[in-house]
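**Student:** Letter by letter, the chains look like this.
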Amino acid sequence: MCPSVIQVDVIIPTQTKYLDLIGSIGERIAKELDNFTGDREALAYQLNLVLTEATVNAIKHGNDNHPQDTVRISIHLFEQELNIKVYDHGQGFDLATVPAPDFEHPKESGMGIFLIRSLMDSVTYTRQQDCNVLEIIKYLK
Amino acid sequence: MNLNLEKISDISVLTINEERIDAHNSGELKEYLLQMIERGEKHIVVQLAHVRFIDSSGLGALLSGNKNIIAKSGKFALSNIQQQVMSMFELTRLNRVFEIYTDLNDAVKTET
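Line order of the protein sequences matches chains A and B. In terms of numbering that gives the first Met the number 0, the first sequence opens at residue 0 and continues consecutively. In terms of numbering that gives the first Met the number 0, the second sequence opens at residue 0 and continues consecutively.
The shape of chain A in the complex, shown without the other chains (with noise of 0.2 Å):
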């Protein structure tokens, strides 16, 4: 793959006052694509939420006994894709057993990875040798 244009990695505790940092982030790099012919603006909201959304997660599944916990966050711009990889150092959890909304009853909770897998094209949860990675992919058109 070519080298990526922008690269951003953020580290910050596993709090959720910082999501509104991350988010911004998201929503700056929409800002700077330059050959994206699509809307723009839609695109800004979907970065801030999928790394709002992909970062609790994070914070939900990391360590509770280790509140100096930190959740990394790397986010690669490549020419026709954009990558974000968020780690955490909790139990981790099964991806495909993360059940589908009842639109009918909806729940108050658990349509983060919904929304995720809504906007973005691809999305995987692995575990490496100490951590987890949530990888998130959206293809630039």
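Take these hints with a grain of salt, some might be off.
Calculated cross-link-like contacts (lysine to aspartate or glutamate; reagent style EDC-like; alpha-carbon spacing at most 20 Å) [stated by the list, open to error]:
#1 A/LYS30 to B/GLU30
#2 B/LYS66 to A/ASP120
#3 A/LYS106 to B/GLU30
#4 B/LYS74 to B/GLU30
#5 B/LYS71 to A/GLU107
#6 A/LYS16 to B/GLU18
#7 B/LYS108 to B/GLU89
#8 A/LYS16 to B/GLU37
#9 A/LYS16 to B/GLU30
#10 B/LYS6 to B/GLU37
#11 A/LYS137 to B/GLU17
#12 B/LYS74 to A/ASP8
#13 B/LYS29 to A/GLU107
#14 A/LYS106 to B/GLU27
Derived by calculation from the structure, the hints in this document are not laboratory data. A quick note: this is a predicted structure, and the numbers were derived from the prediction, not measured.
Given chain A, put chain B in place with the hints provided.
**Tutor:** Chain B in isolation, oriented as in the chain A frame:
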């Protein structure tokens, strides 16, 4: 969270003076709505004109308010939703669950 509550006729209009509702402040919104309902408010309109971003936990907080007031035979509505925020309601099909008005005046006029 910066919230403003006013009474228009018999309706409690809750204006959210925040640009962003996410997992950091949605718990506070949920709690505030629950307290309003416990106090006996029967008719709530949440005004979202200032909100330019909502995440799944924010939608959940509004859904909680909606469910809890309906359980007490009350009414819950949303007004002045910005376009991108509206797209979240559409994606989650919650636009079919909530009573939604373009404008606060419409909400007050229709609901009274």
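**Student:** When the hints from earlier in the document are held up against this structure, which numbers fail?
**Tutor:** 1, 2, 7, 8, 11 and 12
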